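> Let chain A serve as the given structure and place chain B on it in line with the hints.
Protein sequences appear in the order of chains A and B. Counted the way numbering that gives the first Met the number 0 counts, the first sequence spans residues 0 to 245. Counted the way numbering that gives the first Met the number 0 counts, the second sequence spans residues 0 to 269.
You may find that some hints are simply not true.
Simulated DEER-style distance windows between Cβ atoms [what the hints assert, rightly or not]: (1) B:Ala91 / A:Ala221: 41 to 47 Å; (2) B:Ala13 / A:Ala19: 27 to 33 Å; (3) A:Asn1 / B:Leu152: 39 to 45 Å; (4) A:Pro177 / B:Val245: 57 to 63 Å; (5) B:Leu152 / A:Pro177: 53 to 59 Å; (6) B:Val64 / A:Gly72: 31 to 37 Å.
Covered stretches of chain B, going by a simulated chain A footprint (3 or more residues, C-beta under 8 Å) [unchecked claim]: (7) 21 to 35; (8) 84 to 98; (9) 107 to 120; (10) 200 to 207; (11) 228 to 242.
Hints are computed from structural coordinates only; laboratory data are not their basis. Note that the coordinates shown come from a computational prediction; the quantities given were computed from them, not determined experimentally. All residues carry an ideal CB built from backbone N, CA and C; glycine is no exception.
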Amino acid sequence: MNRRIFLAASISTALSACSAIGTKLNENDGFHKVLRAAEDVNERLIGTRGRVRTYAPRDVSADFPVNSLDTPGSSQYMRLIGDRFASYVLPVDGLVEHSLRLSLAQLQHMMNVTQITRHDCVEGWSAIAQWQGVRLADVLALARPKHDARYVVFHTFDVDANGMPYYESLNLQQAAHPQTLLALRQNGKPITPDRGAPVRLTVPTQLGYKSAKWVRRIEVVASMKTLYGGSGGYWEDQGYEWYAGI
Amino acid sequence: MNSRSSTVYRHSVATRLTHWLFFLAFLALVSSGLQIFNAAPFLDASDKTDRHHRVLAIQAPRDGVGTTTLLGHTFTTTGWLGWTDDGMGGTAPRAFPGWITIPAYQDLADGRRWHLFFAWIMIVCGIAYMAWGFGRGNLRELVLARSDLPNLLPMQLYYLRLRKEPPAHGKYNPLQKLAYTVVLFVFAPLIVLSGLALSPGFDAWFPWLTQAFGGRQFARLWHFVLMLALIGFFVTHLLLVLTTGVFNHLRSMITGRYTLQGANRSVEGP
Numbered sequence: 000m001n002r003r004i005f006l007a008a009s010i011s012t013a014l015s016a017c018s019a020i021g022t023k024l025n026e027n028d029g030f031h032k033v034l035r036a037a038e039d040v041n042e043r044l045i046g047t048r049g050r051v052r053t054y055a056p057r058d059v060s061a062d063f064p065v066n067s068l069d070t071p072g073s074s075q076y077m078r079l080i081g082d083r084f085a086s087y088v089l090p091v092d093g094l095v096e097h098s099l100r101l102s103l104a105q106l107q108h109m110m111n112v113t114q115i116t117r118h119d120c121v122e123g124w125s126a127i128a129q130w131q132g133v134r135l136a137d138v139l140a141l142a143r144p145k146h147d148a149r150y151v152v153f154h155t156f157d158v159d160a161n162g163m164p165y166y167e168s169l170n171l172q173q174a175a176h177p178q179t180l181l182a183l184r185q186n187g188k189p190i191t192p193d194r195g196a197p198v199r200l201t202v203p204t205q206l207g208y209k210s211a212k213w214v215r216r217i218e219v220v221a222s223m224k225t226l227y228g229g230s231g232g233y234w235e236d237q238g239y240e241w242y243a244g245i
Numbered sequence: 000m001n002s003r004s005s006t007v008y009r010h011s012v013a014t015r016l017t018h019w020l021f022f023l024a025f026l027a028l029v030s031s032g033l034q035i036f037n038a039a040p041f042l043d044a045s046d047k048t049d050r051h052h053r054v055l056a057i058q059a060p061r062d063g064v065g066t067t068t069l070l071g072h073t074f075t076t077t078g079w080l081g082w083t084d085d086g087m088g089g090t091a092p093r094a095f096p097g098w099i100t101i102p103a104y105q106d107l108a109d110g111r112r113w114h115l116f117f118a119w120i121m122i123v124c125g126i127a128y129m130a131w132g133f134g135r136g137n138l139r140e141l142v143l144a145r146s147d148l149p150n151l152l153p154m155q156l157y158y159l160r161l162r163k164e165p166p167a168h169g170k171y172n173p174l175q176k177l178a179y180t181v182v183l184f185v186f187a188p189l190i191v192l193s194g195l196a197l198s199p200g201f202d203a204w205f206p207w208l209t210q211a212f213g214g215r216q217f218a219r220l221w222h223f224v225l226m227l228a229l230i231g232f233f234v235t236h237l238l239l240v241l242t243t244g245v246f247n248h249l250r251s252m253i254t255g256r257y258t259l260q261g262a263n264r265s266v267e268g269p
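Next comes chain A alone, as it looks inside the complex (with noise of 0.2 Å):
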């Protein structure tokens, strides 16, 4: 008996030093650094590949969460609310040829596009929803990308409670993906106002936080280093990783 307590003793004691060491190591830069390679590893490894598993209207979630910022509360966002979205327009701009300028009437006319897919967060749970949109494919062909376009960047009406910007961002390849949308519509009615109205990003080769709510204006561009915190979303800025394939 006396045995067995020295060991859980011993046990417990090791796991809450390696949790101390762990903590600690996780304040060093340079060991910060080390652990983050295998983010590139990953995305060269897995990539994005093949399309995500489609599922049948009985699939649906009954209670899709609303997990996110607050609904933006701009005078912008509010306006665009007064007038269900009636003067909504979508720049997509930066690096193309052509410049774009979308209203929703325009969106809602290339939507051409119905996929039940899964969402998958990154704290975990996952929710299967119906999306009907516009293929981000199709938009980024019309505006043309120029040749030293890197990534598109969505900009949002969303802020947090310390005025930083929602904004993510994809490569030009993970744009081009086939199930990579601009929704409009989410188990067949209007995307609500809690729920990105009235564009959302929907990305279900990677982890949740890359499908944006609320998109503003698409940026194509060379480079992420000069956006906000210069690592490509928001909450890539503050630790997660770019790539969420993973």
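Using the frame of chain A, we list chain B on its own:
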């Protein structure tokens, strides 16, 4: 040292190196895995998140109270699970306590960095160990052979003290070989595959993998259960090391040299 003791070279450099790397990576993977679990402290036997298929939920129903619900049965686990040490000197609604997670405080982003990095250490080590073992034939002494099968029951009877002598065996007894075989060829590959099944990118590439585990949330459940199984193996391994000459074993896993003493039973490795 008495006249009947002698020292043998027992573990190669490769075995010793991968052994300690496995140990480090295992600790890092469990601690960072629990950190990741804390971000969604429930496990469902389904593809999407579904309360109706919930197997485990660790919650804080109200301030200062932690509960664990396993297959519909709820237990109060305040201090251990649900309402625990927040890793910053206080307590908070956290499934697994800060003293067992990396980082100690709630930090999903860094927990994931640790987990995905040490997963690679584990995989690279595993492949190196297997390649080395197959190449030199070392694995043969660890892997269960057909000739070991009739000795499994007698060995169990010996452990249960229903038999005086263990059946004759080599460096590892038949039950040890069974344990190593299951860990190396069943648990280890399955825990890697169930982890990959959680990746939406990998799911797009090989959709049958996630489906083979019963869906993404089910794969998360598998991943967790396999972790428990590996912890079970690890604790048994520690017990055997502690009860059969801990310093001799430790030295052999550091310097490679192991002292044989008297009866040949002590040739057994943990």
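> Each hint: holds or not?
Here's how the hints hold up against the structure:
1. Checked against the given bound of 41 to 47 Å, the beta carbons of alanine 91 of chain B and alanine 221 of chain A, roughly 43 Å apart, stay inside it.
2. Distance hint for alanine 13 of chain B and alanine 19 of chain A: a CB-CB separation of about 31 Å, consistent with the stated range 27 to 33 Å.
3. Checked against the hint of 39 to 45 Å, the C-beta distance between asparagine 1 of chain A and leucine 152 of chain B comes to roughly 31 Å, which is inconsistent with it.
4. Here the CB-CB span from proline 177 of chain A to valine 245 of chain B is close to 59 Å, well matched to the stated 57 to 63 Å.
5. Taking the beta carbon of each, leucine 152 of chain B and proline 177 of chain A are about 57 Å apart, inside 53 to 59 Å as hinted.
6. Here the CB-CB span from valine 64 of chain B to glycine 72 of chain A is close to 34 Å, well matched to the stated 31 to 37 Å.
7. Interface restraint, the region 21 to 35 of chain B with chain A: holds (5 residues with C-beta to C-beta distance below 8 Å; minimum three).
8. Coverage of a stretch by a chain is defined here by at least three residues with a beta carbon nearer than 8 Å to that chain's beta carbons; for the region 84 to 98 of chain B and chain A the count is 3, and the condition holds.
9. Only when three residues or more bring their CB closer than 8 Å to a CB of chain A does the claim for the region 107 to 120 of chain B stand; here the count is 10, and the claim holds.
10. Counting residues of the region 200 to 207 of chain B whose CB falls under 8 Å from any CB of chain A gives 7; the rule of at least 3 is met.
11. Given a C-beta distance limit of less than 8 Å, the hint that chain A covers the region 228 to 242 of chain B holds, as 5 residues qualify and 3 suffice.
Hint 3 alone, counting from the list given before, is not met by this structure.
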